[in-house]
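Participant: Protein chains in written order, with my numbering: chain R, 1 to 112; chain A, 1 to 115.
Hints are supplied without guarantee of correctness; some may be wrong.
Said to hold, decoys possible - Once the Cα atoms are required to be at most 27 Å apart in a straight line, the calculated DSSO-like pairs of lysine-lysine come out as:
1) R/Lys-71 with R/Lys-56
2) R/Lys-99 with R/Lys-42
3) A/Lys-11 with A/Lys-71
4) R/Lys-68 with R/Lys-56
5) R/Lys-99 with A/Lys-71
6) A/Lys-57 with R/Lys-99
7) R/Lys-68 with R/Lys-42
8) A/Lys-57 with R/Lys-42
9) A/Lys-11 with R/Lys-71
10) A/Lys-11 with A/Lys-57
11) A/Lys-71 with R/Lys-71
12) R/Lys-56 with R/Lys-99
13) R/Lys-99 with R/Lys-71
14) A/Lys-11 with R/Lys-99
15) A/Lys-71 with A/Lys-57
For the record, the hints were derived by calculation from the structure and aren't laboratory data.
Listed here are the chains, written in short residue letters.
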Amino acid sequence: GESVGLHLPTLSVQEGDNSIINCAYSNSASDYFIWYKQESGKGPQFIIDIRSNMDKRQGQRVTVLLNKTVKHLSLQIAATQPGDSAVYFCAENIVGTQKLVFGQGTRLTINP
Amino acid sequence: DTGVSQNPRHKITKRGQNVTFRCDPISEHNRLYWYRQTLGQGPEFLTYFQNEAQLEKSRLLSDRFSAERPKGSFSTLEIQRTEQGDSAMYLCASSLKLAGNYGYTFGSGTRLTVV
Numbered sequence: 001g002e003s004v005g006l007h008l009p010t011l012s013v014q015e016g017d018n019s020i021i022n023c024a025y026s027n028s029a030s031d032y033f034i035w036y037k038q039e040s041g042k043g044p045q046f047i048i049d050i051r052s053n054m055d056k057r058q059g060q061r062v063t064v065l066l067n068k069t070v071k072h073l074s075l076q077i078a079a080t081q082p083g084d085s086a087v088y089f090c091a092e093n094i095v096g097t098q099k100l101v102f103g104q105g106t107r108l109t110i111n112p
Numbered sequence: 001d002t003g004v005s006q007n008p009r010h011k012i013t014k015r016g017q018n019v020t021f022r023c024d025p026i027s028e029h030n031r032l033y034w035y036r037q038t039l040g041q042g043p044e045f046l047t048y049f050q051n052e053a054q055l056e057k058s059r060l061l062s063d064r065f066s067a068e069r070p071k072g073s074f075s076t077l078e079i080q081r082t083e084q085g086d087s088a089m090y091l092c093a094s095s096l097k098l099a100g101n102y103g104y105t106f107g108s109g110t111r112l113t114v115v
């Protein structure tokens, strides 16, 4: 399953399938990007990050792709599991600041 | 020390009252951040400390909000004369550095409800 466009609040995929969550970031001065997972009642949990001098980075079952030309970020989760159900946020860091600017998030639901 | 600790987890207060939240970061982290998150939205940056110095403040941090980190360890966030619009989750995070996965770790937050 894949979320498209600037904002799609929910994404449902079958357990075992791959999922792609998309994010459009706003500031061309951003040089560092992070994907977070947030489960109900908990704070955001770091998944994977990428600097602006890279276009792809892989972790365990996750891959982040960065397209600076169109200011687009995506998170690919391979072989989804029930525990992947959560809200996923992308966040960008603007050069010269210490703050992260978060997107609105996508709720991922894994169907058994 | 297994993570960022925030207290209380929940706070219900009447409009006009003052509230104070506490954040205990991971002990070796010198950077501490406060964010606010409303339902269905991503967290919004409020302020940042490096050790005891408050180095960045968002415009969201009105005069009714004040944050301190007096000894460079725990931090408090106080909201005076609370308003219903202050109802939100207040998240604290800490890190050694911002980039490169230097342990930018969030706590579980304090959920504030103003009635």
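Participant: Run every hint past the structure and note whether it holds.
Facilitator: To see whether the hints hold, each was checked on the structure:
no.	hint	verdict
1	R/Lys-71 with R/Lys-56	holds (14 Å)
2	R/Lys-99 with R/Lys-42	holds (20 Å)
3	A/Lys-11 with A/Lys-71	holds (25 Å)
4	R/Lys-68 with R/Lys-56	holds (11 Å)
5	R/Lys-99 with A/Lys-71	holds (22 Å)
6	A/Lys-57 with R/Lys-99	holds (9 Å)
7	R/Lys-68 with R/Lys-42	violated (31 Å)
8	A/Lys-57 with R/Lys-42	holds (24 Å)
9	A/Lys-11 with R/Lys-71	violated (39 Å)
10	A/Lys-11 with A/Lys-57	holds (24 Å)
11	A/Lys-71 with R/Lys-71	violated (40 Å)
12	R/Lys-56 with R/Lys-99	holds (23 Å)
13	R/Lys-99 with R/Lys-71	holds (18 Å)
14	A/Lys-11 with R/Lys-99	holds (26 Å)
15	A/Lys-71 with A/Lys-57	holds (19 Å)
Violated hints for the displayed structure, listed by number in ascending order: 7, 9 and 11.
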